[in-house]
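Protein chains in written order, with this note's numbering: chain A, 1 to 551; chain B, 552 to 874; chain C, 875 to 1168.
Hint data in this document are derived by calculation from the structure and do not stem from the laboratory. It is possible that some hints are incorrect.
[Said to hold, decoys possible] With the C-beta cut set under 10 Å, the calculated list includes, among others, these residues of chain A facing chain C: (1) Asp33; (2) Pro37; (3) Ser321; (4) Thr333; (5) Arg357; (6) Asp358; (7) Leu362; (8) Met367; (9) Gln370; (10) Asn377; (11) Arg379; (12) Gln380; (13) Ile385; (14) Pro389; (15) Arg438; (16) Asp535.
[What the hints assert, rightly or not] With a straight-line Cα cutoff of 20 Å, these simulated SDA-like cross-link-like pairs (lysine to any residue) come out: (17) Lys123/A / Asn867/B; (18) Lys899/C / Asp33/A; (19) Lys1126/C / Ala715/B; (20) Lys123/A / Leu766/B; (21) Lys1076/C / Thr374/A.
Backbone N, C-alpha and C define an ideal beta-carbon position, used for all residues, glycine too.
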Amino acid sequence: MSSNPRKGAERSRIKGRTLLEIRDLKIEGESNDVWHPIVKGIDLTLRSGEVLGLVGESGAGKSTLGLAAMGYVRPGCRFVSGSVAFDGLDLLKTSEAARRAIMGSRIAYVAQSAAASFNPAQKIIDQTVETAVDHGIMSRSDAEADARNLFRMLHLPQPDSIGERYPHQVSGGQLQRAMTAMAMSCRPELIVFDEPTTALDVTTQVEVLAAMRDIVERFNTAAIYITHDLAVVAQMAHRIMVLRHGLVVEEAPTREILTAPKQAYTRSLWAVRKLRKAEEPGGDVLLRMRGVSAAYGTVPVLDDVSIDLPRGRTLSVVGESGSGKSTLARVITGLLAPSKGEVLFEGKPLSRALAGRDRETLRKIQMIYQSADTALNPRQRIGEIIGRPLELYLGITGKARDRRVVELLEMIELDERYVDRLPGELSGGQKQRISIARALAADPTLIICDEVTSALDQIVQEEILTLLMRLQRETEVSYLFITHDIATVRAISDHVVVMCQGRVVQQGLKSEVLSPPHPAYTELLLSSVPEMDPDWLTRLLDREKKTSRPG
Amino acid sequence: MHPVLRTALQRMGLSLLTLFLVSVIIFSSLAMLPGGFAETVLGQSATPETIAAFNHALGLDRPAYIRYFEWVAHALQGDFGYSYAGVGGSVKRSVADVIAPRLYNTFFLAIMTAIVAVPLALFLGVLTALYRNGWFDRIVNATTLTTIAMPEFFVAYVLMVLFAIKYRWFYSLSTIDPSTPFWEHVYRAVLPAVTLMLVTVAYMMRMTRAAIINLLASPHIEMARLKGISPAMIILRHALPNAWGPIVTVIAFSLAYLVVGVVVVEVVFVYPGIGQLMVDAVSSRDVPVVQGCTLIFAVTYIVLNLIADVIGVVTNPRLLHPK
Amino acid sequence: MTAGHPKSPRARRGRFAAVRRELSKAPLSAWFAMIVIAIYAFCAIFAPLIAPHGEAEIVGKGYMPGGWHADFLLGTDQIGRDIFSRLIYGARNTIGVALVATIISFFIGIAVGVLAALNRGWFDQVMSRIADALLAMPALIFALMLLAIFGKGMLNLIVILALLDATRVFRLSRAAAMNVVVMDFVEAARLRGEGTGWIVFKEIIPNILAPLVTEFGLRFCFVFLTISALSFLGVGIQPPTADWGSMVAENKSLITYGNLTPLYAAGAIVLLTVAVNFLVDWLLYRTSGLRDEQ
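Starting from the given sequences, assemble the full structure and let the hints guide the process.
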């Protein structure tokens, strides 16, 4: 089965009666014996066959709201007031048994992590047909035949036999589609998708998105699509609702909200992708890798990698999970000795192992990690964290150290009030700023940034990237920027290296790499990145039909 | 090789290694005996000549590793040497003869306890997990916490005062000999068994509760709930198949705990088991008997843990159905 | 090693306030536990001032009855020593021995555990195998065996229990340290060029202290109960030193006559272990609750 060519206009189907009506819903969550509001009074209406996108940053309450649409709250949360009417029946007032009869058969759920949401001890087919058989909707053999049919519609490989496997025996993208089949098995009127593609690589994400959209349309199922990714939701939803701190910020049809957002907060969410650095080629080479190969035990991870990073510039290393981009960082820092090749820093070869490097070399190469939560010792105060490199490398102690710590805090747009705080008292963005200050304290020549923005909300990401660019202008520091996110690459790079399965696929100036013609893998990678255009996925699928997709 | 088989064999190998180390520790403890083996047996007044003769007669003048292998070889055939208690006298009693009837009594008591304690603890554990934070759970939690904190002899004496002295339902001392009929044996072992039960049920129940709560919090159980599956089916199809590993671990741990608790309880009720034998042997420093008892306790402990390990491996779907 | 950044009084006041706030929220069981532990500590420290008679002093005939107006509050034991006084001295002896053994076991266990987590490889392998072998025997049984070989006595008792318990502390601190060692901030410290001392004392130990503190309570209970059991069996703390476990054993024949004297000492043991368990239970609950907040 192939997807039909569609135009955006055709996707806005005729919408039927009101299916779901949420009125003034309030939900609280408990932590440490205190109840605090998560959802603070939300109204939501969904017609049959309509897809509503719920967008928001972490803590906006979008997952809680999505589950509430099924009349369910997680343990540790409770409904305070309001109503959730599904087809006229208030799910919050009805009996447990009546709600159970609806769950699975008329409202279904697709979770973020398919790997964790499948029972590891049961075959996929058994779990797919379970609801249909338990609710007495189909006989077991009919349900199995139907499940195989759904697997086929969702473009799963070997649809007739894949159900016989156990969840851990298939890939993440396949499992996510199998979960969609499971949700579809009773032909529900409403499906709640809770960040279903967040854990997937971009190239896998495209396939899963296309399969999900296709099947929802085919059966005219209404859906609530929860995500933090605007470009993704733009492909899926007819209407988008923006949430923040448990309240609705704005709600409008997809095209309208993308082109003319009314609220400042919505606009700021949109703005992130406009950040651009003007590219500069740069002069002398600061870091040069020549024919580097590396392995974990016997598993090869890097294969003959050669890259150049000019002084004072930013080199982005982009690739999907398993491409070897983080291993690259481990080789440069000396945590993993290369099996072949060498790394030259300021023209001199770096010792392969960490133990062989002198303090001055260690000082010059600093690292910032993806998760500031684990990169900062939770038991050390900010002053101690930033002050330590000053003592260790530069011998600055006492009053001078305290003064320098405050200067560094000011460089990252914080102030002396933070000196005595613990990392746990800071927000995610502030913690990442502290990581940056710690790296800056060493007065380095090169900073390796390993996915430094991917754990952050979009607005915070932009702030961090802007800060990093300003610091580069002020201190002439060079960045090696490891990321899987093309938008980040566009924003910050001078040079780009594309990696796939341990090899360098393409490298050069940002303008060269990001504009055609591309090698096949770069093409696939770039074309898979969702754009803020509701027709993007449709166009991509149309184009693929003409020229079979590379990869 | 199938991953299940490979992992199971690995675990067995590890257990054998542990057993080897344990036997070395037990054996070398004899060699570390202050004053030496002979002096302990013959007394302080022994002359160097008699000690040398004694050592030669018992083969103690040969290298330690040879004696170790002999000891292991003999132990494997159930021969643990001779009790010191007989050395001075006319009758030499072999350790095996001393231990065997006692071992039967101890296993009798342990099995009697386990038959009631294991199902009861699992039932209570699942129940408190399902109704967690309710009044039932809170009461059971406080009770078990208190029970765990009590030494066995306290529980034993309280039961004795209540049920053997205030109400004369049971004997305060569990005197038993090989001629005691089976049901009389059961009757006389009731108080020691109830004491052990109270203590092990508390442990086992808390561990079961924790394991089940941990399991019920996993995303695939939430998914089953959202699929509208009935609570009974959730437990049966989605929780239990993934719970065997943790539950068996709990049972093995508790049975192992039982083995230890037996020592004190046997002394309180003067029940003629291996625990009491060991305590007597420790008091009189009858080292071969102590070694024999220790080895039996250790083997029981290791085998129980191995069984739990292997069942955990065999019921793990990721190992059972490799990619 | 250089000193940490000076803490401002503001931060310290904040912490005191947090402790007060937590205490005000403590449940009844925790208050009960803290009061009981305080009373025991007081008795243990000031035993000679509180006890009306000497520890091993024979002050009357055997088995004299007790009562509020009698000379001896709880009567006398089989050879005429004041049971009340011996209970108070027992607090000092039993708790003292258990505390010393637990402290030693924590020093050894944490040191070896953290080093093993930091230097995986042969050191870790050897230590883990030894711990496995020692843990493969029930502690009480092993202690009995070692006591048979090395003989009874206070010093032997402390050393044997400390070593046996250290294997359990080793396991726990190794596991806790392993969770910390894989953290990026430890890698960052390595990349910065910090030595082992800094990494152990500044990066790892502060982060494993919280679980170890609650574990200390549980280990103390375990050691304390093991000592009581050994003393009850007659191979632990030896007479005439007053000790709760042996006091139960010394007077156990009274039980058959319905006299509850032996249960006083047993009750003293129970009250303390129950209190420590309640306190640990509350601490565990509190730390697990705090996690979301920080």
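Each hint, compared with the structure:
{"no.": "1", "hint": "Asp33", "result": "holds (7 Å)"}
{"no.": "2", "hint": "Pro37", "result": "violated (15 Å)"}
{"no.": "3", "hint": "Ser321", "result": "violated (18 Å)"}
{"no.": "4", "hint": "Thr333", "result": "holds (5 Å)"}
{"no.": "5", "hint": "Arg357", "result": "holds (8 Å)"}
{"no.": "6", "hint": "Asp358", "result": "holds (9 Å)"}
{"no.": "7", "hint": "Leu362", "result": "holds (4 Å)"}
{"no.": "8", "hint": "Met367", "result": "holds (6 Å)"}
{"no.": "9", "hint": "Gln370", "result": "holds (8 Å)"}
{"no.": "10", "hint": "Asn377", "result": "holds (4 Å)"}
{"no.": "11", "hint": "Arg379", "result": "holds (4 Å)"}
{"no.": "12", "hint": "Gln380", "result": "holds (7 Å)"}
{"no.": "13", "hint": "Ile385", "result": "holds (9 Å)"}
{"no.": "14", "hint": "Pro389", "result": "holds (6 Å)"}
{"no.": "15", "hint": "Arg438", "result": "holds (8 Å)"}
{"no.": "16", "hint": "Asp535", "result": "violated (41 Å)"}
{"no.": "17", "hint": "Lys123/A / Asn867/B", "result": "holds (14 Å)"}
{"no.": "18", "hint": "Lys899/C / Asp33/A", "result": "holds (10 Å)"}
{"no.": "19", "hint": "Lys1126/C / Ala715/B", "result": "holds (15 Å)"}
{"no.": "20", "hint": "Lys123/A / Leu766/B", "result": "holds (19 Å)"}
{"no.": "21", "hint": "Lys1076/C / Thr374/A", "result": "holds (15 Å)"}
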